[in-house]
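Participant: Residues per chain are reported as follows:
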Amino acid sequence: MSENISELKVFRDPFELPVGQLLHLRFGPLSVYLGHFYQEWRVSWTTTNDYMDNSFSLKAPFVGEIPAELMSMVRYTYSRPCNHFLKITPVLGDRPFVAKPTKPLMVLPGETVQVFMSIPLFVRIETEDPYHLLEDIPVLQSPRTWFGDSTVQGEICYSTKIKAVLNEPELINRPYRAISQLAIENRSQRALHVERIKVPAPFLSLFQGDNGLFYTSIMNFVCDLDGTIRNVEIEDQEEKFADKVLISGPRQFVKDKNLLNPLNYLFGQI
Amino acid sequence: MNAYITSLLGTELALKVAAVFLVLISFFILSRLLSLIIRFFFKEGGNRQKQLVWRKISKYTLFALAVVIVLQILGADMNVILGAAGVLSIAVGFAAQTSVSNLISGLFLMFERPFVIGDVIEVSGVRGEVLTIDLLSMRIRTMENTLVRVPNETVMKTQVVNYSHFPIRRHDIVFSVSYTVGLNDIKSLLLNLVEHNPYCLEEPEPLFLVQKVGEYFLEIKFGVWGETKNFLLLQSTFAEQMREAFIQHKIALPQRHVHVEQRNLE
Chain S
-13 MSENISELKV FRDPFELPVG QLLHLRFGPL SVYLGHFYQE WRVSWTTTND
37 YMDNSFSLKA PFVGEIPAEL MSMVRYTYSR PCNHFLKITP VLGDRPFVAK
87 PTKPLMVLPG ETVQVFMSIP LFVRIETEDP YHLLEDIPVL QSPRTWFGDS
137 TVQGEICYST KIKAVLNEPE LINRPYRAIS QLAIENRSQR ALHVERIKVP
187 APFLSLFQGD NGLFYTSIMN FVCDLDGTIR NVEIEDQEEK FADKVLISGP
237 RQFVKDKNLL NPLNYLFGQI
Chain Z
3 MNAYITSLLG TELALKVAAV FLVLISFFIL SRLLSLIIRF FFKEGGNRQK
53 QLVWRKISKY TLFALAVVIV LQILGADMNV ILGAAGVLSI AVGFAAQTSV
103 SNLISGLFLM FERPFVIGDV IEVSGVRGEV LTIDLLSMRI RTMENTLVRV
153 PNETVMKTQV VNYSHFPIRR HDIVFSVSYT VGLNDIKSLL LNLVEHNPYC
203 LEEPEPLFLV QKVGEYFLEI KFGVWGETKN FLLLQSTFAE QMREAFIQHK
253 IALPQRHVHV EQRNLE
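Residue numbers (my numbering), protein chains in the order written: chain S, -13 to 256; chain Z, 3 to 268.
Honestly, the hints are just simulated from the structure, not real lab data. All the given hints hold, so there is nothing to weed out.
Heads up, simulated BS3-like pairs for lysine-lysine below, C-alpha to C-alpha not over 25 Å straight-line:
1. Z:Lys189 / S:Lys149
2. S:Lys89 / Z:Lys189
3. S:Lys241 / Z:Lys52
4. Z:Lys214 / Z:Lys252
5. Z:Lys252 / Z:Lys223
Computed Cβ-Cβ distance ranges for the label pairs, DEER-style:
6. Z:Val162 / S:Gly213: 39 to 47 Å
7. Z:Ser238 / S:Glu154: 41 to 49 Å
8. S:Arg(-2) / Z:Gly225: 44 to 52 Å
9. Z:Phe43 / S:Asp135: 26 to 34 Å
10. Z:Phe210 / S:Tyr24: 56 to 64 Å
All C-beta atoms in this analysis are idealised placements derived from N, C-alpha and C, irrespective of residue type, glycine included.
Build out the structure end to end from the sequences listed, making use of the hints.
Facilitator: Structure follows, in structure tokens:
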């Protein structure tokens, strides 16, 4: 088992798995077994939900047997012998994530702060020629939480478990997570009280740095001079990520900008 | 035979029959076309309830229009028919008070929309998923997979509980413990269970309330939030977890202690 993050670059290319061979991927708490059989792919997976688990390994071919006690085993069948190639791609979650700072933040008037959060990834298993999405698996079964003004209005999100921080190095490099950056600019005359931050994962792209770590699109949030909140703007233009490789695009495209509002905030008087 | 048919086709009656036939066919096609358009239009928004209402409205309106046109073709005097219909409607109104009441209630329900198709509701002691909302009655599929028809009038008159309206719900558990149990211990135990139950939401925060100080027990209310769609799973799994945790941590349940003193009367 390795914790060498640079090995994560292996996801950039498709894998070849001839008939009769198995593949085993260990990606943090997630364990995936893939089997290529005549006219079928077999996918089994399980997750320990141990969010401290930083292990990473990919064995293809894997010699051994698929453990019987896995959470799921699905057989994907074809009418003819299927292509040997498949792609395993890390993607961002299907719901937003909510992160909390250790204690609520007060963004002072005229200040711009960068907040960094760490969100767990999903893994997508796809075949090529013909294209089929076989699985879309969460690496970690994150607890769910509610993000909204009241119990009547809001949305169900995942909780990140790991606190939001102001300095990126404070986040421990975990291979199965992506680092998400939010810039909060407070142009108003009052301090901005930030208790929780929503990362709108389905609307963000996923990039990989040269070091192997994953990053999401950057988010910018502006509180205007008159105190009105502008919705978050997502930066995922290629020039902003020149030193990174795009791994997967957003799951959804923004139709309603209100869905992106990342803060559960109150104005505080300092 | 041929001569007979030819003479019949030439008659006014044959023309009228053909016209009636043509009108009925046209209205039937129009009704199907309109139904398809409504289905397509509301498919985008995924609103089955609105789709159902507009389909019914269009169907009955076209039907009424077709009847009027057919009667006109057949040469019926509309004034006489309308007069007769007025008298008839009074008679039918008396005879079918309940149906009319259900019909009006149905229209109110369709526009007020206290619930929609697919919601889980409780009405008149029946709890289940709403399958249809028709003009006279609604159909509910109970948890035991039985079909219950509830007249719309009943729905309008009684209290309806909609369990699906909001995306999250609170599950309240009321239980009693002995005075000897530390409240902080029990609170942290329950919060730990919430953290490990996949159907519990982290936020809104769970409610922990001592709601009654009894003679020999404390009554506690613990409320935990979960997604509405997983509510039954939350109820079941949390109860199981609580039972196991209480046994494991030897949480004393309240017992009445009676001290019997035996005195020697001699």
